[in-house]
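A.B. asks: Starting from the given sequences, assemble the full structure and let the hints guide the process.
So for the sequence shown, UniProt numbering puts the first residue at 1; every next one is plus one.
Since the hints were derived computationally from the structure, they do not count as laboratory data.
Only a predicted model underlies this, so the values are computations on that prediction, with no experimental measurement involved.
Check the hints yourself; a few may be wrong.
[As the list claims (entries may be wrong)] Below 20 Å or equal to it, Euclidean Cα-Cα: the simulated SDA-like pairs (lysine to any residue) are:
id, residue 1, residue 2
1, 29, 99
2, 116, 61
3, 63, 53
4, 108, 6
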Amino acid sequence: MDKRIAEVDNIHATSVEFSSIVQIGDTTKSRLHSKAIAMQIEDEEKLTEYDYEFRDFPLFSRKAKQPKEVHRERMFKAFNYHSSIKVRQADIISVISSSMVHIGNIAKLDGESRIKHIRILK
Numbered sequence: 001m002d003k004r005i006a007e008v009d010n011i012h013a014t015s016v017e018f019s020s021i022v023q024i025g026d027t028t029k030s031r032l033h034s035k036a037i038a039m040q041i042e043d044e045e046k047l048t049e050y051d052y053e054f055r056d057f058p059l060f061s062r063k064a065k066q067p068k069e070v071h072r073e074r075m076f077k078a079f080n081y082h083s084s085i086k087v088r089q090a091d092i093i094s095v096i097s098s099s100m101v102h103i104g105n106i107a108k109l110d111g112e113s114r115i116k117h118i119r120i121l122k
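C.D. replies: Laid out in structure tokens, this is it:
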């Protein structure tokens, strides 16, 4: 992995949640992971009637499909005209559910997010 300096003058992130990352600089490996169950119930007193566990849904127990690793010889050499990555301004509204904003180089990134949204309205 070619190394370069990341120069960031100003970065503003309003919300970074649920296994998400804002990273400035080089990274060898990053592993993101998130599970979520979202619910909407009209009557809060009946909330306990609708308790759910991850094990109640096959979505959360299935094995995630991983992409095949491809080992290729480097066919070309990239030439960077500048020795650094320069960012003047970055305004980020939201980074959520196993996502990443990355300024720099990264060798390996693994990310996973599983969400089951449930609405019970009467």
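A.B. asks: Hint by hint, note whether the structure agrees.
C.D. replies: Going through the hints against the structure:
1. 29 / 99: The given pair, whose Cα atoms are some 14 Å apart, holds under the 20 Å limit.
2. 116 / 61: Answer holds: residue 116 to residue 61 is near 12 Å, not above 20 Å.
3. 63 / 53: Distance of about 17 Å is within 20 Å: holds.
4. 108 / 6: Answer holds: residue 108 to residue 6 is near 18 Å, not above 20 Å.
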